[in-house]
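Colleague: Sequence:
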Amino acid sequence: MATSLLGIYSKMPFVSLGTQGAIALLAIIWLYRPAVGGWPTTYPRGPVPAAPFVAGTAAAYLLWAIISSFPSTDVAVSLSFGGQWASYFLVFLLAAGILAPRSCQTQWRLAAQIIILLGLVMSMAAIYLYWGEMGQEAQPVMNSLLGNKNHFAGYLGLILPLSLALYLSAPSFREALAYGGSSVLLASCLFLTYSRGGWFAMAPSLVITILFLLTRQNWQRLLSLLAILLIFTAGAAYLIQGSSLGYAVGTGSRAITSVASAATGGEATGTLGPRLNYWEGALNIMKDNPLWGTGPGTFPTIFSEYQKDPRFFSKYAHNFPLQSGAEMGLLGLLLALAFMAALAWRGWSAWQDRRNTTPLMAGLIGGTLASSLHNLVELDWYIPALGLLFWIEVGMLAATPPPLSKPPTREIRPILMGMAAILLLWASLQIGEQFLLERGEYAWAARLNPLDPQPYFLAANRALDKFVESKRVENLEAGISAASKATQLSPRNVSYRGLLARLYLEEAALGMPTLEPAVREMEAISSKNPAFQDPQTYRRLGRAYLDLRQWEKAQKTYQALLDAYPQGVDSPQPQFGGLSRDELAEVLAETHLALGNLSFDRGAAKEAREHYQQAILLQPQNLPAHFNLGAVYFQEGSLELTLKEFLAARELSPRLAPTYLRLGQVYHALGQETEARQSLEAALSIDPGYLEARHFLESLK
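Counting in this note's numbering, the sequence shown runs from 830 upward without gaps.
Treat the hints with caution; some may be incorrect.
[Stated by the list, open to error] Simulated crosslink set (DSSO-like; lysine-lysine; CA at most 27 Å straight-line):
| no. | residue 1 | residue 2 |
| --- | --- | --- |
| 1 | LYS1473 | LYS1435 |
| 2 | LYS1385 | LYS1435 |
| 3 | LYS1314 | LYS1144 |
Calculated directly from the structure, the hints in this document are not laboratory data.
Make a model of the complete structure from these sequences and hints.
Modeller: Dropping the structure here:
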């Protein structure tokens, strides 16, 4: 049950926020209990006290996240982000305070055992899902309930060093067997995630954990564990894949090769390439917004303006310091680096006093190190299901022995109580808004949180759906009002502007003067992000320019679409929002058709012919392309080719009178008078009032 909740928690914002609200409530309850400990006042030796440095940098980061929310480009998102980090910090304080007293050492060890047990259940769930539910095909990688191999690898990184440390220091065979088996299972699952970032983070953290506890007996245990791990992993790969033993044995070599390939630039589209794109975008955002950043939590909105490669879009920079710098300016970057340095200093302080470093402390140092390294290439701390576990471990690390040298003071309790009360209020508002959104009560959700554009966006979407069903203009007007409000609250969000443009276009199709506002919105989308290559946006913008009779702008827009897809349907598509091959073929065919028409109108017959030919290659059933290509051939005097195209048009649409008129003209030019008269008579039978066909038939008589 616990793992199911954790999996849901990582995927559903409503459950995530509800859990944060429960944490705030528990915090208030605990703060009223006299048994709650205070903050440790003695620490392992070192030139600088490490635990207060961790707490201080974390508190400073949280404070700056809240301050920088107010000049943000999206205040509601930034304040929500600040609330999430406040919940992290509160969990950190609770873990440090509750587990610090000398009398709580049993609870401290129990907390570590619960973390390992939860990891084992998640690993068992991962094996079950990897094997395939009810006989389904096996998944290519392990995801567990977190739904993503990298997230699962980050989760295991927090647990495996802890399990290994307890194995190496187990006082009895029974405990060694339990923790050794746990370590084997966790390590095997980590290997089968094929998460290169997870391996990169885990390797040094495991080495450091082992060095903390290295003895002759530990060497024997470690070698035994490695032997069992190799056998278990190979056997698991063999059984799960249901393939040959050679496949299982070759898994390791392929994994190592893939890491080397990614490091040297190979497979760039799968691992290194996207991250380089994200990191470059984050650096450019920070360069343009050095003081305040764009606001905590706004990276998904702002990155679209800086993305260089349209295939790779992400809501996160996949690097904690860089995303902090992009969202909170240079100070945010420095505070993020200071916090990670504080964690490193905590480990160094423990290393200086290795004799007093407990196995649990060594495991926590390894786990927090693995998570810190993983967040240089991933986004674990932005996912509440992983972020809370990390901060619990950081709190435990800050609270580890030596314990308090004097009873805890109460000065910090009012501060914690105030934080908990504010967090509880914030979580309640968020939960209430999410509940209303789930029920479709968008107006009430907007009243509850007027700074959040999401209710307005959803209301506009619903209005558009209602219009499609009923064709009632008032639905469009309501949708435009809601979408306009969402765009005002988050002016750099291309999704909001795209929806507003779509609503304006629907009104324009009904004869209302909203074509120019639609064009302005679509121009804003394309100008803000040069790499934005949504073919539907280009298509709508080109159509709008044609309707406005702005021929040059229409031509530039359609040509930009073709430039964005130089290999046609085989071109790399954007990572998010891409079309299927058939859908893209339809859009590109329409684009070539429009450019062909524009070229034909200005007398560039050769260019028009090439565009029409490309449209037919992309979409052989494209009637206008066949018809217009026939007209170009007729103008050029290629009568046989003209006849071929008009016959194809007649086959596609046997009831189109103009096709029979053109066939009559071609047959007449070829000297086939009987076929010419038959074609003209067919045109008149379809449309008796077709004067051009009637006059031409009379001229033949």
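Colleague: Does each hint hold? Answer for all of them.
Modeller: Hint check:
{"no.": "1", "hint": "LYS1473 with LYS1435", "result": "holds, 18 Å"}
{"no.": "2", "hint": "LYS1385 with LYS1435", "result": "holds, 19 Å"}
{"no.": "3", "hint": "LYS1314 with LYS1144", "result": "holds, 23 Å"}
Of the numbered hints given earlier, the model fails none.
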